[in-house]
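Undergrad: These protein sequence lines map, in sequence, to chains D and U.
In terms of the working numbering, the first sequence is residues 465 to 889.
In terms of the working numbering, the second sequence is residues 2 to 68.
FYI, nobody ran anything at the bench for these hints, they're computed from the structure.
Watch out, some of these pointers could steer you wrong.
Said to hold, decoys possible - Computed list of lysine-lysine pairs in DSS-like fashion (alpha-carbon distance at most 27 Å, straight line): (1) U/K66 with D/K593; (2) U/K66 with D/K855; (3) D/K634 with D/K593; (4) U/K8 with D/K856.
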Amino acid sequence: MNKIDARNILRGDFYKERSAYIAAGEPGIFHCHHYNCYLQAVLLDTKDYLPNIEQVLVDSAQEVAYSQFQAFFQNTPDLDIQGRKHTVTDYFRFAGFGQIDLDRVDNKGGTVTTNSEHYGVSWKLKFGKSNQPISFFTTGFLAGATEAIYGLALGTLNAVQESCLAMGDKYSQFTLSISNSDRELTASPQEGVFQTGNLPQPTNTSIDYEAIREALIHMPIEGAANGLIDSFGVLLTRHYANYYCNISYRFLNLFMKSMGTEGLNIATSLLIEGGRVCAFNTFGGVMQSNEWNALIKPMIKTREDWIHGIIVVVNALGWGIWQVEDLDPGKRILVKIQSGYESNAYLKKFGPSSLPISFLAAGGVAGLMNLVYALNLPERAPITLDEAVYKKISLGNDYFVPTQIKCRAMGAEFDLIEAALVRNG
Amino acid sequence: MTIIHIKQFLEKNGAPLAWLRVQLRLLPHFNKRGFFLHSMNEEAELDDELLELIGQVLEEIYHLKLA
Numbered sequence: 465m466n467k468i469d470a471r472n473i474l475r476g477d478f479y480k481e482r483s484a485y486i487a488a489g490e491p492g493i494f495h496c497h498h499y500n501c502y503l504q505a506v507l508l509d510t511k512d513y514l515p516n517i518e519q520v521l522v523d524s525a526q527e528v529a530y531s532q533f534q535a536f537f538q539n540t541p542d543l544d545i546q547g548r549k550h551t552v553t554d555y556f557r558f559a560g561f562g563q564i565d566l567d568r569v570d571n572k573g574g575t576v577t578t579n580s581e582h583y584g585v586s587w588k589l590k591f592g593k594s595n596q597p598i599s600f601f602t603t604g605f606l607a608g609a610t611e612a613i614y615g616l617a618l619g620t621l622n623a624v625q626e627s628c629l630a631m632g633d634k635y636s637q638f639t640l641s642i643s644n645s646d647r648e649l650t651a652s653p654q655e656g657v658f659q660t661g662n663l664p665q666p667t668n669t670s671i672d673y674e675a676i677r678e679a680l681i682h683m684p685i686e687g688a689a690n691g692l693i694d695s696f697g698v699l700l701t702r703h704y705a706n707y708y709c710n711i712s713y714r715f716l717n718l719f720m721k722s723m724g725t726e727g728l729n730i731a732t733s734l735l736i737e738g739g740r741v742c743a744f745n746t747f748g749g750v751m752q753s754n755e756w757n758a759l760i761k762p763m764i765k766t767r768e769d770w771i772h773g774i775i776v777v778v779n780a781l782g783w784g785i786w787q788v789e790d791l792d793p794g795k796r797i798l799v800k801i802q803s804g805y806e807s808n809a810y811l812k813k814f815g816p817s818s819l820p821i822s823f824l825a826a827g828g829v830a831g832l833m834n835l836v837y838a839l840n841l842p843e844r845a846p847i848t849l850d851e852a853v854y855k856k857i858s859l860g861n862d863y864f865v866p867t868q869i870k871c872r873a874m875g876a877e878f879d880l881i882e883a884a885l886v887r888n889g
Numbered sequence: 002m003t004i005i006h007i008k009q010f011l012e013k014n015g016a017p018l019a020w021l022r023v024q025l026r027l028l029p030h031f032n033k034r035g036f037f038l039h040s041m042n043e044e045a046e047l048d049d050e051l052l053e054l055i056g057q058v059l060e061e062i063y064h065l066k067l068a
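Isolated chain U (complex conformation):
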């Protein structure tokens, strides 16, 4: 799953700026994997661990299940 996929999902189902809150919550995890905001490749595939973390954040903040 890619970043652009998640962003599109959130635009359809999430609250405004939901992706920003996900990024803020998980910023060190993004950075650790080489995702930096100024050069984020939105087509890059996310690993399972990061996807799980994103899913946990969405569940906790927005009661959303990532699909």
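For reference, chain D alone in the conformation it holds in the complex:
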């Protein structure tokens, strides 16, 4: 086995000029288990009439893992098979996906067993026991990474999940074998059609954008020995931007092919809802964390500074360059996004879009406003952010709803998201 040194460890770098993490060509973004599970649950809602949706979840993971590790191994030619396996298992842990070993895998397939895996643990935590295996991401990841380890072509291997932590099994087990199917897998769009720009420093806030982002991007957020990242009250992942984009946009394509535009509003509304769920849990957790209290809270003078504080955090999540374009306190916000990961990927993979596609961003902006104004978190923290609180603010009198006003995938120069107050009832 090769000596483990820095050259064999895959971590990637943060590119300030686009607020993006790139690891061997793959953009990495932070997302929590609430978003990961909710998004997957919405897609699986259609499995009775979109029978390929589960395969989309697997294939999309296989494509990004294959593309990333193939690129990395091309640049580390001295690594032998054991060294490559170590790179993959180490990155899986680092990213918060869980703890795996690949000792029983070779170029014809094999078996992987784990008792700590993000989706299996998270799903059970969020929804209770599942009646089917749900670790589609890990299933595809294992196939794609193993193909890269052995220099096989993308699509050579097929993986299936035999048992699942989310079902109450003691282990999640995955079996890899030579694929007999004619699945058409395509390499990841990698960095996509990205933009560059500067992190703006608004003059109407005491939040020091650059100083905070600098501190955040150097925080050692990575999986513990069990491969999970338990931070800010959620299970975080350093996930693949292209995975979310592939599953979301392929889902929409399948949906429109099957149902036409009937139900399209429902599908997009639920993708946006995923962003709101994400904001509620992750932003809400961050706003009550020790890190927030130590780093950001001392700079806060107004309630609007809470908005700016989270916008800086977003600029350290790998989601692109976010800036508050306009803020009418308690009523409306406009957020401008350059190099947003959704548009980056969409433009490279699919070309121009006929509808706005920044679903996560739209939901995230509205979710942020709901936290600060509808929930009034600044004056109520610490507060336990559970389903009951989420339901209460969602059904309360004041609620923020997003609209994507400009979309780069539709030809605009940047994404522009508005979240405005609506009054229920």
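Following the hints, position chain U against chain D.
TA: Just chain U now, with coordinates in the frame of chain D:
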């Protein structure tokens, strides 16, 4: 039981956008019965089979019993 009844029940007891998830899950079943989103009559009575399917979805996703 009507659609409006179920929507009101979910607003009181369900998670946000619960009705949308029910619709997404059962879209072909709605369409088969002539319920299309652009022209959905919320006062229309739902047949027993569709009600049972809705009940199963609510039980599975939200652990709710339709009342």
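Undergrad: None of the hints should be skipped; say for each whether it holds.
TA: How the hints compare with the structure:
1. U/K66 with D/K593: holds (18 Å)
2. U/K66 with D/K855: holds (18 Å)
3. D/K634 with D/K593: holds (13 Å)
4. U/K8 with D/K856: It holds: about 16 Å lies between the C-alpha atoms, which stays within 27 Å.
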